[in-house]
Each structure stands twice: as structure tokens, then as C-alpha cells.
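Chain order of the listed sequences is A, B and C. The opening position of the first sequence corresponds to residue 1 in the working numbering, with each subsequent residue numbered one higher. The opening position of the second sequence corresponds to residue 1 in the working numbering, with each subsequent residue numbered one higher. The opening position of the third sequence corresponds to residue 1 in the working numbering, with each subsequent residue numbered one higher.
Derived from the structure by calculation, the hints contain no laboratory data. In this text the structure is predicted, and so the values were computed from the model without any measurement. Warning: the hint list may mix true and false statements.
Cut-off 25 Å, straight-line C-alpha distance, at most; resulting in silico cross-link-like pairs (DMTMM-like, lysine to aspartate or glutamate) [to be verified]:
| no. | chain 1 | residue 1 | chain 2 | residue 2 |
| --- | --- | --- | --- | --- |
| 1 | B | Lys238 | A | Glu11 |
| 2 | B | Lys159 | A | Asp7 |
| 3 | C | Lys167 | C | Asp17 |
| 4 | C | Lys23 | B | Asp391 |
| 5 | C | Lys138 | A | Glu222 |
| 6 | C | Lys89 | B | Glu277 |
| 7 | C | Lys155 | C | Asp171 |
| 8 | A | Lys198 | C | Asp133 |
| 9 | A | Lys10 | B | Asp161 |
| 10 | B | Lys170 | A | Glu16 |
| 11 | C | Lys138 | A | Glu11 |
| 12 | B | Lys375 | B | Asp165 |
| 13 | C | Lys23 | A | Glu222 |
| 14 | C | Lys89 | B | Glu291 |
| 15 | B | Lys233 | B | Glu277 |
| 16 | C | Lys54 | B | Glu242 |
| 17 | B | Lys164 | A | Glu290 |
| 18 | A | Lys434 | A | Glu34 |
| 19 | A | Lys30 | A | Glu290 |
| 20 | B | Lys164 | A | Glu11 |
| 21 | A | Lys10 | B | Asp391 |
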Amino acid sequence: MSATVIDYSKEIPVVEGVPTAASLDAAISKPIDEFPHRNWFIGLAITGTMLLIGAISLGWLLWKGVGIWGINQPVAWGFDVVNFVFWVGIGHAGTLISAILFLLRQKWRTGIARFAEAMTLFAVLCAVQFVLFHTGRPWIAAVWLLPYPNQHGVWVNFTSPLMWDVFAVSTYFTVSAVFWYVGLIPDFATLRDRATTKIKKLVYSILSLGWRFSNRHWQHYERAYLIMAGFATPLVLSVHTIVSFDFAVSVLPGWHTTIFPPYFVAGAIFSGFAMVQNVLIITRKAFHFEHLITMDTIEKMNKIMLVTGMMVGYAYSMEFFTAWYSGNQTELFVFVNRAFGPYWWAYWIMFACNVFSPQLFWFKKIRRSLLASFILSIFVNIGMWFERFVIVVTSLHRDFLPSSWGMFVPTVWDFGLLIGSFGLFFTLVLLFIKFLPAIAMSEIKAVVPGAQPTHHGNGAHHG
Amino acid sequence: MSTIESIIIPKKELPSNFVKAGWGLVAVGVVLVIISYATDTHRALFNNLIGFAFLASVAVGALFFIALEYIAGAVWSTPFRRVTEFLASLLPLAIILAIPLLMNMHELFHWSHSDAVAADPILKHKEPYLNEQFFLIRFVVVLGAWLLFFYLFRRNSIKQDVDKDQKHTKNNITLSAIFIPFFAISVSLFAIDWLMSLEPHWFSTIFGIYYFTGTAICALAVTTFLVVSLSEKGYFFKGVNENHYYSFGALLFGLLSFWAYIAFSQFMLIWYANLPEENFWFIARWENGWEYISIAMVLLHFWVPYFMLLSRPSKMNVGNLKRSSLLLVFVHFLDLYWLVMPTYSKAPVFSYFELAFPLLTIGLILVVFSLQAKKYNMVPVGDPKLQRGIDFHL
Amino acid sequence: MDKKLYAVTALFKTPNDIIAAAKAVRDAGYTKFDVHTPYPVHGMDRAMGLKETKLGFVTLAAGILGAVGMISFASWVASVDYPQVIGGKPYWSWPAFVPVTYEIAVLSAVLLTVGAMITFFLKFPNNSHPLHDTRYMKAVSSDTFGIAIQADDSKFNEQEVNAFLKKLGGDVEPIYYTEEFLNFKPQMFEPKFILLLVGVALVAAGGGYFTWNKLLFMPPFDWMMEQPRVNAQSKSEFFADGFGMRPPVEGTVARGFIPYPYKATDRADSVGALLANPFLPTKKVLELGKQKYFTFCSPCHGNFGNGDSRLQGQFPNPPTLHSDKVRQWPDGAIFHVITVGQNVMPSYQYQITREERWAIVHYVRTLQRALNAKESDLQ
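This is chain A alone, in the form it adopts within the complex:
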């Protein structure tokens, strides 16, 4: 369905047609109740294999240490930090869709908010793997990074951006998990009341905490949801900002630049949306949710990618201009080296994927094409991975002293863990869409036509 002429006086419907609440329950519960399709198992087999590769790489890492990676002087941060930033960035889309679009009252988010939030949790989980295991002795890091009273006599260093990361990512994961769970409570209650077996009923009863759909409860619930959305929004900004601080507080040319915070946040949203777009296009097809996740939603996601892509492009230009303007020799060299030095290929992949390819979204036909959206989203993800690679590796490999210059060559174990992280992420996504409602049932029921009273009883401008 393509709207050739838009009527601006009418709201664009969130869902197609007028599905009844009961049919929505049935459609969304169907994947949970039924035995999964063969494709799901094939997908799980693939992602499971990737996960296994990751597990082997991780085991070898724990046994031998981080020397198995390609990191060395001068490039002491390699795939570990690149992947960490990559996955944290992807997580931000979920919160943006769930929280920020909620605050902006964009109803089209309803069809995708639930699994976007789930993707946030899984992405942050992947990110945590990298940042934890790159410490070398993660069993110590996991505990000693937290400021608990102990016998060491020293506390953690609160002024270090790496410590800020610990706080930020933990807070982000916790708040996202709580937000996600609270959103699921009414759906667990619905599933409880639809449950056919005793076990299912017991599990859903416990998970739903006994939710009764009372309006007195909805009142508190909605306020809590609004508050959480209100907090999650600046939290998204703060988390990737703090990740950017890891680099920006240093004195390294190419890293120390004040635009990093908003630049990283824009990039995170950019890459996150691309990943959500990929997952949603597949899920929508697999579960026949086409009437619940309309082409309008997909088009809006593409528009947001265009906007954030251009923000990233703006940041590139501002960095480049200021590198020249500053008159700082080393700063300018870094940028010239990025484009024409030994890693030029990474730079141009990044540029092509991040700046050029989203420009295709100016064209409505491309915005409304599923295949184009899918492919371009993959390009964006590739481009954003390379952006983090370019930032981390090129700034480190040639900094102030030419005698310290070196190269970074990733090893098979670097790639193993990268593949493994994709395996972990997609395995969790597949499990999620099988066992939990992929669309928020109570939310989607509230936005179909006819769901709300026509006589607006909050009495705003009526009696």
C-alpha cells in the first residue's frame, strides 16, 4: 500500500484496518503458543553456531589471556573496545524507540517498541562481554570495579571515565530491564488468562505479579511508565556520552574533541535503528505482522536513519574543519592519515556506508522498499562498525611520536569473538520472539481505531 497523496488533516493510522483486541491477542500470542516453524530452528542453528564460535574464543581467551588478540603497543585497544562501543550503540535504538518516541507521542512506535527494548537488553549484554573480558582478569574486574567496602584500603577511582562506564552501562542495563519488564506485566497477565496448561499459568501468574487491569492501577502504572521514559531518554544520551568520554578526555589527536558526546549519541541511534530495521523486517514477515507494523513505520525508521546519518556526517565535517582550523599539526595529520594512510580502506568503507548510502533515503521509493531498507540497514551497521574501528585504531596507531607508530592486525580470535557476539545477540532475539510477545499487546490495542472514547472524558475543553 503506497499513499500517493497524503492528507495532512488526517492522522496516519498506526495499524492497517480495524483489528479487534481479541484478534490482536490471538495474532501476537500465536508464535508463543505454536510450535516454531522450521525456519526458526534453522535460524537458531546458524546463530547457535556463531555463538559456539564465540564461546570457544572466549574459553581460549580466559585460558591464555588477551595476548591471543592482535592488540599490542601502540594499539592497545582493538576489537575489544570497538565491539563494546558498537554494541552499546546498537542498544540505544531500543530505548529511543521505546522511551523517546513515547515522550514525543509518536504512536507508530507501538508495533516495534517491545522488541526494540528487548534488543537493547541483548545488545548491552553483548557489549558487557567485551568490556568485561578485555580487562584480562575478568573475575577480578567484575567485583573490584564496584565500590563496595573491602579490605583493600583503596576505593575505585570515580574520576576515571572507565569507572563512569561501569556506572553508566550498569544503570542503563538495569533501567532498560526494569522498563522492559514493567511494560510486559500487563501482557503476562493477558497470557496468564489465556494459558491452557497449568505450568504456563503458574509461570505467567508469577511474572505478572497478579496484575488485574484495574484502572486505579493503570493510573500509577502509566505515571511510572512516563517517569521511566522521562529518565530513560537522558540516560540514553548519558550512556553513550560517557562511552565517548573514554576517548574524549584523553589528549590524543583524533580523540580529544568536544563534539564526541553528541556525535557518538547520534551515531548510536543511527546504528541502532539500522539493526532494529533489520530485525523488524524479518520478524514482520515471519509472523505476518504486516498490518501491525506498517510501511509507514518502516519509512519513518528510514527517515530517522537519514537524519542521524546526516548528524554523523556533520560531526565528520566539523571534526575535519576544526582539525585544520586549530593549526595543530598532529590533529590534522590524524585526519589525513585516516583517509590516506594504511587504514584508508576502513575509512572509505565507513564514509561510503555512513554518509553516502543513507542519502538514498531521500527518495520515497527507496524509503518504502523493504529490500532497499534491509540492505541499506546492513550497510549502515557495517559503516558504523568501521567508524569505531577508524576512531580507535587509527588514532592509536600513529600518534605523537613517529618512532612509536605501529600497526594493528586482528587475529582469528578477535574475529571469533565478534562473530560470537552476533551469535549471542541473534540467538537471544530468536528466543525472545518465540517465548515472549514481540509486540506489546496492551499498547497496540490502545492505538487501533476506535480504541479510545470519542467523547474525550478528561474534560479538557468540554464540560
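We have chain A already, so just place chains B and C on it with the hints.
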């Protein structure tokens, strides 16, 4: 749902004290400006720069909000969009305010002194960008383009009043899509040229965003103040209520939090690395009395308005919105003063010089608004989203 | 079994109906009633006459508490407990504390808000409410809107309420308490539950400690006080004989020690032929020799090497060093005697270092020359 014609008030004479206040401020402002220039041209020029940057903020910020509404498809702001259109029409006046500055670049910009440039390798390096000719060209291109966009936006909007054709909305959406990326680059260059280059050795990649955020807050605050004050007095349409106001309060809240985030990022990163090539700019703003202004900025630009607009009811309260908006307008002046004046003097100064341009520019806003309101409808009566905007509720 | 009535309920099909019904019930003066909808219906709060939720205050308090708490803690750590100069910055550097303060403020605000909502505002978990497992609940959790007027409302009269709700157009049905609910006690404070919690805590703590400290001895359960090392003067199961302290291995020498291969039974003059004085008789060496001679040798051999100490004439009657025998000895022979001793004279190997012994030899030579001076020495 009442018929639209029965409730909208397309045009109405503005209250007389509003108009009188405007002309009064302009008169006092002009007198003070003349006295300032006669007494101390150098100081007057710096204040002129503040006035120019302020008026440009209001005008181009308003233009940005017009574009933003179109591109986002927002409906809550539609009934009030004319206010921003009237504010954007201040652009030509802003350009006029820039003329004394362009004629006296030597007084303002260290990099325009060729002997200083010859003696300083860093300035020599920047000379391809920081030279009077290129500066002037950029000024003409940026302000000219902004004027052009304003003219096109406005023409479509006014035409739509008459023919109620949706194609004008479609055209403005396309125009917005082109304007916004251009605006991002142009407002950054504007900030770099007029504000950052006052200290030509200093640089900050986030500076464009910093100025943009201050601009957005200022324009929105002026808009909010006008919308709330005038609807109280029965303008726009019958039944303007807290549902319509809420979004203004919420957006102001969000933007001022964003400003604090950008300002803190800029400060903290430079503080943390502590590089002499960057930190001198902030050190200058922490000595000889500037520290009080810096503290005042943090309190008045973030903490106070944050708590004023934090709770849900506060965003819908007419009195609170008016007070918050006025505070945010004042504090944008303070921000520009803090950005500009340390180049003029080691310690902050305050006298009639510093009052001249704020009074003048506020007066100009009121005067231009009243003249525009006489000429055009205050509500975009032909806009297809108007009904949805009027019916808007939380 | 006498069933106790909980409430009379009515189901409605459309949002407009339920809003109208809620308003009607509110206007009729009932206070103990509730509306159940599968999703929040706009305007329902107003229709029911509900007051604004107070949840926001919890958030504000929690956020402020979190922020103040965190910045205080970080400030205390950095300026009182263990001040360190980090990055050349002053001990208390507030810009660096902003990120962690902000995160903790958000974390505490969100967790406490949700916690308060679930426990105090919603009073969850509660899976034995009379409305659970009823046709009514199944309907409202899916696609129908319901209203329930409780029997303990002051104005409640079963027939009246029935008729009233039917008139509004609802599908009416009474709901009764279950035995479970009547016997419902808040599970939080039941002794069995608390015992269970305590038990779980003990098992988890004990099991964790056992696994991490005893079985695996993994950080951070490997406190520095307990290290798998041998402490001084303690037993050790590592060695067969159980001794923690071990004697040095055969052939171990102290640092700087040069082994002396000649024994006490070797004749001084034959050893002397094998050794050579490695030091020249410089002023420094002679002064060292003089000092050491007076310390160690003069008590027996006298100040001038003549054997004229206070032991002269008594046992053991130290010999003079100016005898022909000694004068003809090579330096190494004197060195050997000092090192291994002779007759009653003990070995001075451990009291006088090698350098010092050679210095003493030089001094003795000086003394010998002094007591047998020749005319040629004066030139």
C-alpha cells in the same frame, strides 16, 4: 468538535500596552545605543555583537522551529506557527544590526589585524578562513540563504491561508528537508565566525551545537511567552488550554537539559585534558569576577529553570510558563555576554552600554510582531493540520 | 459453603460505554468501585474522579537522595578517605564526579519508583485476588471493559447495584471471595517465608564461600591474609618432612661471599704460597688495617704486634708477630692464620671481611718494618 471557523480568531488588534511597550523599548534602546557609540565605540561594538547574535538567534531559531514542525509532522504547534513566522521576519533587522560590526571588524576581531597575523604562525595558518573578505562572503551567503528560506516558507504559508491547498504543506515539508541540513552547517559557521573567532587561538568542535541549542531555547522561549500571554488575552482561538501549553513547557525543559549537557561536555572535556591550547578560554571565564557570571549561568540557565519546569503541572501553568520563558530569554543574553565580553575586558563590566542592545532588540521583537500581526492572520487558517492542533490533548 | 460476596461486576463492549458507566457510578456516590480495562482508556481517571497519583514524589525524593548520596560519597573518598593526586587535579574535582552522580540519581529514582509502585501503590504480588480466574478477568484482559462495585461500599445493596448496572447496559455478574483470599495473609512476613529466605541466604552464602574459597580459591575470595604460601616458622605439608623452613641447599653461599677453600689443617706457609695480596698498601688500606688490627688483634698481640698485651706471660701467651718465622711468611700465610685460626687463636673469618683481613696483613707488615727499621728507610 466545533467547526473551526467559529472558534479561531484569525486577526485581532494587539493590546495597546504591548505595542506601546515595544515602541518605548525601541526608543530607549536607540537613545542608549547612540550614547554608547558616542562615548565608547569599542565597548558599544561588543554589545552590538551581542545584540546582533541575540536577534539572529530569535529569528533563525524561529525559522528552525517552523521547519521542524513541517518535517516532524507535529500538530500541537500548528495553531501557533504564525508566531514563529512573525519572529523569523526579524531577519532583515538582524542583518541591519550587523552593519556596524562589518564596518568595524578591526575593533572586534584580532585576526583582522594583518600585523598580528604576520607575527603569529597560528593566525597565519588560519588566514585562508579568517580573513575579512571570506568572512563577508560567508555572512552574505548564510544570512542571504536564511532570508530566502524565510521568504519561501512564509509565502507558502500565507498562500495557504487563502487557497487552503495542501500542496503548500507538501512544498514546505520539502523546503524543510533542505533547510535543516543547511541550517546545521550555516548556524555552526555563524557561531564560529562571530563568536568563536573572537578568541582566534581557541577552538571547540561542539561550539556550533552549543550556539544552536541556546538559539533554539531562546526562540522557543520568546514564542512560548507570546503564545501564553496572548492566548490568556483571548487570541488564536477559543479554548486554548493547558493541553496546548504543555508541549511548549516540555520542549523548553528538554532543550534546557540538552543545553546543560552540551555546555557541561564542552567544559568537562577541556578541563579534564587541561591542554594549555584550549583551557585558557575557560580560565579567562573563571578569573577577575567572571567566575560569578559562570556560576550564575549554571544556576540560571540550568538548575533554576530545570526545577521550575520539572513537574507535570508546572509545564501547564500559565504564570510559570511566562516566568520560565522570561528567565530563559534573559539567560540567553547572559550566555552571549559570557561568550563575547571576556574578549573585551578582563573583568565583567555592566552599565548602560550593556542595557542598550537588549532593550532595543526586545523592543524590536515586540514592534515587528505587532506590525506583522496587523498584516497577517495570527492563525494559519488554511493549514490542514489546524483542526488536529486545536483538538490536541494529552 | 456460604459464599461471601466480593463485588458485582458488569462488562461493557465499547470505550464510550465504560466511560459513561464509570461517570454514572461515580455520580451515584459509590466510592469502593473499580474499572478494569485491557489498556488504559483516555479520560478514565477523570471519569472515576481519581486524584492524581503521588508516585512522582517518590521519584523526586529518590533522585535527590541518589544524587546527594553519590556526590557525598565520591567527595569523601577523594578528599578524606584516600586523597590522591590524579591527573594533576585537586583532590575534590566536581566535574569528574558529575557522571557517576547522574547515573546513580537515575538508577535510584527508577528503582525506587518501580519498587514503590509495585509494593505500595499496587500492593503486588498478589495472585489470589477474588477477581483472578473469573470469566470477568478473562474478558477484561482481552477485549472487554468492566466495572466492579465492591460489596463493602457503604451504599451497597445487591439488588440495587444489579439493577443499576443492568440499566447502564452492562453484562452483570457477581463475584465471590475464594477461601484462599479470606485466609489471605501478606506473604512477606509469614515466618515460613522468612525462614525460607534465611535458609536460602545461608545456603547461597555458604555454598558460594565453599566453592570460591575452598574449592577454587578464586579471587576475590582469596583474601590476602590467606595465601597459599609458607609462613615463617610454620609447618608445611608441601615438604615430606613437614618443615616449612628449609636449610639452604648444598653449596649455597651468601651474597658477596667468596668461599675460602683452605682448611685449618693446611699449613700456613703452603697456603701462603698460593695466595697473593690483592690490595696495594695505600693510605686508605693501611688505615683500615690499623683500625681493624686495634679492634681484633691488639687485645692479644699487643698494640705493636709484640705480644705485649695484658695477656703477655699468661695463658695463652700470644706470640710476637716480629719473629723471623712470621717475618718470612708470605702475606697469604698471615691471611690464612687470621682466617682459620691457629692453636688457641680462633678463626676470624666471620668477624673480619676479606678486604679487612688483607688490610690487617699490610698493617702487620708495616709494624714489622717499623720494629726492624733500616738506615735506608729514612731516605
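Hint check:
Taken as a hint, the B/Lys238 and A/Glu11 pair is honoured in the structure, with Cα atoms around 23 Å apart against an allowance of 25 Å. With a C-alpha separation of about 18 Å, the suggested pairing of B/Lys159 with A/Asp7 holds against the 25 Å cut-off. A hinted pair counts as satisfied when its Cα atoms are at most 25 Å apart, and C/Lys167 with C/Asp17 qualifies at roughly 12 Å. With a C-alpha separation of about 22 Å, the suggested pairing of C/Lys23 with B/Asp391 holds against the 25 Å cut-off.
Simply put, C/Lys138 and A/Glu222 have alpha-carbon atoms about 22 Å apart, close enough for the 25 Å limit, and the pair holds. Taking the CA atoms of C/Lys89 and B/Glu277, the gap is near 18 Å; set against the 25 Å cutoff, the hint holds. Among the hinted pairs, C/Lys155 with C/Asp171 is consistent with the structure: their alpha-carbon atoms are about 21 Å apart, no more than 25 Å. Annotation: proposed proximity of A/Lys198 to C/Asp133 holds, straight-line Cα distance about 12 Å (limit 25 Å).
This hinted pair checks out: A/Lys10 and B/Asp161 have alpha carbons roughly 18 Å apart, not beyond 25 Å. Between B/Lys170 and A/Glu16 the CA atoms are separated by roughly 24 Å; this keeps the pair inside 25 Å, and the hint holds. A C-alpha spacing of about 32 Å is found between C/Lys138 and A/Glu11, which places the hinted pair above 25 Å, so the restraint is violated. Between the alpha carbons of B/Lys375 and B/Asp165 the distance comes to roughly 21 Å, so the proposed pair stays at or under 25 Å and holds.
For the proposed pair C/Lys23 and A/Glu222, the alpha carbon gap of about 21 Å is at most 25 Å, so the pair holds. At most 25 Å may separate the alpha-carbon atoms for a hinted pair to count; C/Lys89 and B/Glu291 meet this at roughly 19 Å. Distance hint between B/Lys233 and B/Glu277 is unfulfilled; the C-alpha atoms sit about 53 Å from each other, more than 25 Å. Taking the CA atoms of C/Lys54 and B/Glu242, the gap is about 20 Å. The hint holds against a cut of 25 Å.
Pair hint B/Lys164 plus A/Glu290 does not hold up; C-alpha atoms about 34 Å apart against a cutoff of 25 Å. Of the pairs offered as hints, the one joining A/Lys434 and A/Glu34 holds, with about 9 Å between alpha carbons and a cut-off of 25 Å not exceeded. For the proposed pair A/Lys30 and A/Glu290, the alpha carbon gap of about 15 Å is at most 25 Å, so the pair holds. With a C-alpha separation of about 18 Å, the suggested pair B/Lys164 and A/Glu11 falls inside the 25 Å cut-off, and the hint holds.
Distance hint between A/Lys10 and B/Asp391 is fulfilled; the C-alpha atoms sit about 12 Å from each other, no more than 25 Å.
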